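Novice: Protein sequences appear in the order of chains A and B.
Counting in this note's numbering, the first sequence runs from 831 upward without gaps.
Counting in this note's numbering, the second sequence runs from 258 upward without gaps.
Think of the hints as simulated: they come from the structure by calculation, not from any bench.
Bear in mind that the values here come from a model prediction, so they are computed numbers and not experimental data.
Do not rely on the hints blindly, as some may be mistaken.
The calculated lysine-lysine pairs, modelled on DSBU-like cross-linking and capped at a C-alpha distance of 30 Å, are [what the hints assert, rightly or not]:
1. B/K367 to B/K279
2. B/K322 to B/K279
3. B/K314 to A/K857
4. B/K314 to B/K266
5. A/K857 to A/K901
6. A/K881 to B/K279
7. B/K314 to A/K874
8. B/K266 to B/K330
9. B/K322 to A/K874
10. B/K266 to A/K874
11. B/K330 to A/K874
12. B/K279 to B/K266
13. B/K367 to B/K314
14. A/K881 to A/K892
15. B/K314 to B/K279
16. B/K330 to B/K314
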Amino acid sequence: NAGVMQNPRHLVRRRGQEARLRCSPMKGHSHVYWYRQLPEEGLKFMVYLQKENIIDESGMPKERFSAEFPKEGPSILRIQQVVRGDSAAYFCASSPPGFRSTYEQYFGPGTRLTVT
Amino acid sequence: AQRVTQPEKLLSVFKGAPVELKCNYSYSGSPELFWYVQYSRQRLQLLLRHISRESIKGFTADLNKGETSFHLKKPFAQEEDSAMYYCALTAGSSNTGKLIFGQGTTLQVKP
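With these hints in hand, go ahead and build the complete structure from the sequences.
Specialist: Structure below.
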C-alpha cells in the first residue's frame with residue numbers, strides 16, 4: 831500500500847490562475863479530509879468528503895474554493911483565481927470507513943502552493 | 258469553540274533530559290485527543306491517541322479533563338525525537354472526524 835498520494839508536490843501559479851490539487855487515498859479508504867497549513871501556523875481543517883459526497887465543508891472559504899471526490903479517481907481541491915494569501919501547504923488525509931472520530935487519519939506528503 | 262493550544266513554539270533539551278510538550282484544549286463535550294509527529298522530510302503521522310492509553314517510542318500522554326490538558330511526556334529524550342509535534346482533537350461521536358490542530362511545537366534534542 832503506497833499510502834496517501836498527493837500531486838503535484840509543488841505548484842506555482844500566478845495570481846488569477848486556477849490551482850488543482852489531487853489526492854489519492856489509501857486503498858480501502860473512503861473518507862478524505864483536506865487541511866491547509868499557512869506559514870507559521872498549524873493545520874486547519876477545510877473539508878471532509880466521502881465518495882461523491884461532501885460531508886462537512888465548514889472550513890472551506892466561501893468563494894473560489896471547491897472540492898470533490900468522484901466515484902472513480904482522486905479527490906480534487908480546486909482553487910479558482912488564486913491570490914497570494916492562498917500560498918500554503920495543502921494536506922490530504924484519508925481514513926477507512928467506520929466510526930469516524932476514532933479512526934486514524936493517514937496523511938499525504940502535502941502540496942506546497944506558491945502564488946506569485 | 259473548539260481550540261487546541263500548544264504554548265511553546267520551540268522546546269530545546271539535551272539528550273537524556275525529560276521532555277514535556279504542553280497541550281491544552283477547549284471543548285465542552287468529550288473530545289478524543291491525539292499527538293501527531295512530523296520528522297524531517299517525512300509526512301505527518303499519528304504518534305498516540307488518548308483512547309488507547311499506549312506508550313509509543315517511550316512517549317505517553319494522559320488526558321486531564323479537569324485541567325483540559327493532554328501533555329506529551331518522555332522521561333529521557335533521544336536525538337531521533339527531534340521533530341515537529343502537533344496536538345489535535347476530534348469532537349467525539351457526533352463529529353465528522355475532522356481534526357482540530359494546535360500550532361505545533363518543534364522539539365530539538367541536542368547531543
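Novice: Hint by hint, note whether the structure agrees.
Specialist: Checked hints:
As the CA atoms of B/K367 and B/K279 are separated by approximately 19 Å, the hinted pair is consistent with the 30 Å bound. Distance restraint check for B/K322 and B/K279: the Cα-Cα separation of roughly 14 Å lies within the 30 Å cut-off, and the hinted pair is therefore satisfied. Between B/K314 and A/K857, the direct Cα distance comes to roughly 27 Å. Compliance with the 30 Å bound is thereby established for this hinted pair. Using a Cα cut-off of 30 Å, the hinted pair B/K314 and B/K266 holds, with the two alpha carbons roughly 22 Å apart.
Distance check on the hinted pair: A/K857 and A/K901 sit about 14 Å apart at the alpha-carbon level, within 30 Å; holds. Simply put, A/K881 and B/K279 have alpha-carbon atoms about 37 Å apart, too far for the 30 Å limit, and the pair is violated. Simply put, B/K314 and A/K874 have alpha-carbon atoms about 27 Å apart, close enough for the 30 Å limit, and the pair holds. Our distance criterion of 30 Å between C-alpha atoms is met by B/K266 and B/K330, whose separation comes to about 16 Å.
Among the hinted pairs, B/K322 with A/K874 is consistent with the structure: their alpha-carbon atoms are about 24 Å apart, no more than 30 Å. Taking the CA atoms of B/K266 and A/K874, the gap is about 17 Å. The hint holds against a cut of 30 Å. In summary, the hint linking B/K330 to A/K874 is supported, as the alpha carbons are separated by about 25 Å, within the 30 Å threshold. Our distance criterion of 30 Å between C-alpha atoms is met by B/K279 and B/K266, whose separation comes to about 10 Å.
Restraint check: the Cα-Cα separation between B/K367 and B/K314 comes to about 18 Å, which is no more than 30 Å; the hinted pair holds. The suggested pairing of A/K881 with A/K892 holds, with an alpha-carbon distance near 22 Å, which does not exceed 30 Å. Restraint check: the Cα-Cα separation between B/K314 and B/K279 comes to about 18 Å, which is no more than 30 Å; the hinted pair holds. A distance of roughly 11 Å separates the Cα atoms of B/K330 and B/K314; the hinted pair therefore holds under the 30 Å criterion.
Going down the numbered hints, you'll see the structure goes against just number 6.
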